[in-house]
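Undergrad: Listed below are the residues making up each chain.
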Amino acid sequence: MTRILEARPLTPVTKFFRLDAPLIAASAQPGQFVMLRAREGGERIPITIADYDRETGTVVIVVQEVGATTRRVCALEAGEEILDVAGPLGSPIELPAGGHLCGVGGGFGTASLLCLMRERRASGGRTTAIVGARTKDLLILLDDLASLCDAVEVCTDDGSAGFRGFVTQRLAQLIAGDGPGRPDHVVAIGPMAMMRAVAETTRGHRVKTLVSMDPLMVDGTGMCGGCRVMVAGKPRFACVDGPCFDAHDVDFDVAMRRNKAYVRQEHAALERLACASGRD
Amino acid sequence: MPVKRPEKTTMPTREAGERAHTFAEVNEGYSVAHASFEAERCLRCQDPVCVSACPVQIPIPDFIHAVAAGDMAGAARILRSANPLPAICGRVCPQELQCEGSCSMGGRWKPVAIGHLERFVADWERSQPITTRPAITRSERIAVIGAGPSGLVCAGELARHGYGVTVYEALHAPGGVLRYGIPEFRLPKAVLDWEIAMLESAGVEFQCNIIIGRTITLDDLIAKHGFAAVFIGTGAGLPQFLGIPGENLNGVYSANEFLTRINLMRAYDPEADTPVHVGRRVAVIGSGNTAMDAVRTSLRMGAEEAMIVYRRSEKEMSARVEEYQHAKEEGIDFHWLTSPLEILDDGDGWVSGLRCQRMELGAPDASGRARPVPIPGSEFVLAVDNVILAIGTTPNPLLTRTTSGLAVTEHGCLLADERTGLTSKPLVFAGGDAVTGAATVILAAGAGKRAARAIVEALATRTLVTRLPS
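Top line first, the protein sequences correspond to chains A and B. Heads up: the first sequence is residues 10 to 289, going by this note's numbering. Heads up: the second sequence is residues 36 to 505, going by this note's numbering.
Source of the hints: derived by calculation from the structure; they are not laboratory data. The structure displayed is predicted, hence computed values, not measured ones. Even glycine gets a Cβ: it sits at the ideal position worked out from N, Cα and C. Heads up, some of the hints might be wrong.
Stated by the list, open to error - Examples of chain A residues lying across from chain B (beta carbon under 8 Å, computed):
| id | residue |
| --- | --- |
| 1 | Arg-46 |
| 2 | Gly-50 |
| 3 | Val-75 |
| 4 | Ala-77 |
| 5 | Arg-80 |
| 6 | Val-94 |
| 7 | Leu-98 |
| 8 | Pro-101 |
| 9 | Pro-105 |
| 10 | Gly-231 |
| 11 | Cys-233 |
| 12 | Val-240 |
| 13 | Ala-270 |
| 14 | Tyr-271 |
| 15 | Ala-278 |
Claimed, not checked - Now the in silico label distances, taken between C-beta atoms and shown as ranges:
| id | chain 1 | residue 1 | chain 2 | residue 2 | range |
| --- | --- | --- | --- | --- | --- |
| 16 | A | Gly-242 | B | Arg-390 | 15 to 23 Å |
| 17 | B | Pro-41 | A | Gly-242 | 57 to 65 Å |
| 18 | B | Ile-279 | A | Asp-159 | 44 to 52 Å |
| 19 | B | Glu-131 | A | Ala-84 | 50 to 58 Å |
| 20 | A | Arg-215 | B | Arg-454 | 53 to 61 Å |
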């Protein structure tokens, strides 16, 4: 059981949790994730570690309601417990020292930029976050990012805040030299379609680009093979070989199709959950 | 001496048509009468070959004699002195290749049903209250990595010697392959839970959701967490794939993923959240126990047709004879001498078929088995909507990748001394599938036991053995 120390909604469907997890906090590094289970008979789902504090022994995760398990977790409040939280899992992000790192965050993936930007800045690199959402109210953790990055570039589809347009359009401008400098490395964390668009934006510009893949996963330790992602034509396990891979080598078509395998079952599980809550 | 009956006492089983749709255990177990009747068949050989053919050398005639005499508690004591997991081994060991394979009754007659008797005695013991009490008498604590068969046995042995033991498990429940791999109809979870409760009552502590190598490094177990020695029993759970086109289609599983979703994550339970896709027609590739488990599980999950596809013949199959017979009775189809070439797409990214080629057997290959040779022009398509690959596993790479100085073979297996399990790191021992590659529960148990004894000896004599294993 892992105790929730702090819980607050960031948007109507995303929630910030600070967990009492000293063992995970002691060894977590940017790019890693935890496997989480909300109840007996529940799924095991991977959630990226957004941030950690070794001093206080706490770990931050941001959870978006997608299926039954995330909905159960998002219903929890401070003082309550999550049944199982195992981690850190996955290989940490490895980037060459120095240079200008541009972290691109979409949706709740933005949260995962926190520890990456903090560590990167501590090691002397320059950091820019490009974060996007449909509209201003869906942007999350802007203040936290502002305190951690040299620059934060905000994009909204409707122009209600910052740049009007997609994160990839702003990224293209930066690569072209318009803004806080051309990035040497890009790390994109967010919806699969956004990560694919980032890969296409940097391809051909010799900008090393990593994406954090979020495939279906069962154990998270290299045992089920369900999380395989085709990278440079070879199957790689996101849980142990990743979850971050070179964006220009990832087969996004296969990855996006595989992630939709259980759409029907997920809807059914959500309906069951809704019925069960209705009875309470 | 009375004349011995030539036939084995049959184990009562659930009727095939009924059991193929339920996860209830297939074998129903001997009654006391069955067991006594069968125990009478043992010849009590002067030099019992069955004992030397058992990887943990159970004094087989002795425990069978106790059963014949009606002394079940004595039989249980004898059994458990050599094998800490009798209820499990009685169910899953390939007895036909080990004890029963060498039984003197065999050959002309049927061998004594040693496996059934082992299971009977262990089940009898399970019906009694647990009387073990923790007796930690030593100051040193030992860490065991992985709560599968080798780790459980190693922990049990160390506890018997008075050591405090902490078993670290990466998943949320202990048992390893016994929990995530072997289905309920072959090894009920209640049996495993009881064995774990026994260990807990003997003072073994279980810590789940901790991934050694990630949550805590192996070196820190000794340096920071104060363990005197470490046993690695991380198994061989990394699934292999064929590398044929279509393996990334939706509806293609490794047997590990399929069985884990169902056994560990309870996808069979309508109340559970875990999804699993079981098609109308399911093909399982491979012929080992895992393949049999996967194919019989798909039938129980509602498949209308379930089949085994294997490139060699029935003779080279590696599953236990009993599982194969049970599978046949349940209506599984077997496509022998059939090699998969490609998994076909239904146009929507889901499996629609398996393109195969017929094989014939040629000269023996490196494995000593006849090499399958393709028959030109023999290609055909099996219409299936689910493909499960049960073609073997290799050791989990996570720990070796995150620990320096832990020597491995070219196949990723941990290098460990055969007799003691000592690895290339001082006070770090290993055993089971992590060392041998995928093998059997009983071999893993034997390795866990040998390592426990080596640990006891190393700590008692204070000899810090640091030599590299040969």
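Undergrad: Each hint needs a verdict: does it hold in this structure or not?
TA: The hints, checked one at a time:
For the restraint placing A:Arg-46 at the interface with chain B, the shortest Cβ-Cβ distance is roughly 6 Å, inside the 8 Å limit, so the hint holds. The closest approach between the C-beta of A:Gly-50 and any C-beta of chain B is roughly 4 Å, which is under the 8 Å cut-off, so the hint is satisfied. Because the closest C-beta pair between A:Val-75 and chain B is about 12 Å apart, greater than 8 Å, the hint is violated. Nearest Cβ of chain B to the Cβ of A:Ala-77: about 5 Å, under the 8 Å cut. The hint holds.
Hint status for A:Arg-80: violated, given a least beta-carbon distance of 10 Å to chain B, over 8 Å. Interface restraint check for A:Val-94: the shortest CB-CB distance to chain B comes to about 7 Å, inside 8 Å, so the restraint holds. Interface hint status for A:Leu-98: upheld, as the beta-carbon distance to the closest one in chain B is roughly 6 Å, under 8 Å. Interface restraint check: A:Pro-101 against chain B, minimum CB-CB distance 10 Å, threshold 8 Å, status violated.
At about 21 Å, the closest approach between the beta carbon of A:Pro-105 and any beta carbon in chain B exceeds 8 Å, and the interface hint on this residue is violated. Taking 8 Å as the C-beta cut-off, the interface hint given for A:Gly-231 holds, the closest approach to chain B being about 5 Å. With a least beta-carbon distance of about 4 Å to chain B, the hint placing A:Cys-233 at the interface is held under the 8 Å criterion. The beta carbon of A:Val-240 comes no nearer than 12 Å to any beta carbon in chain B, farther than 8 Å, and the hint placing it at the interface is violated.
Among the interface hints, the one on A:Ala-270 holds; its C-beta lies about 4 Å from the nearest C-beta in chain B, closer than the 8 Å criterion. With a least beta-carbon distance of about 4 Å to chain B, the hint placing A:Tyr-271 at the interface is held under the 8 Å criterion. Given hint, A:Ala-278 at the interface with chain B, holds; its Cβ is 5 Å from that chain's nearest Cβ, closer than 8 Å. One distance hint, 15 to 23 Å for the beta-carbon pair A:Gly-242 and B:Arg-390, holds here, with the actual separation near 21 Å.
In this structure the supplied range 57 to 65 Å holds for B:Pro-41 paired with A:Gly-242, their Cβ-Cβ distance being about 59 Å. In this structure the hint that B:Ile-279 and A:Asp-159 lie 44 to 52 Å apart at CB holds, the actual value being about 49 Å. Checking the proposed 50 to 58 Å range against B:Glu-131 and A:Ala-84 shows it holds: the Cβ atoms sit about 53 Å from each other. Look at A:Arg-215 against B:Arg-454: about 55 Å separates their beta carbons, and that is inside 53 to 61 Å.
This entry does not satisfy hints 3, 5, 8, 9, 12, going by the numbered hints stated previously.
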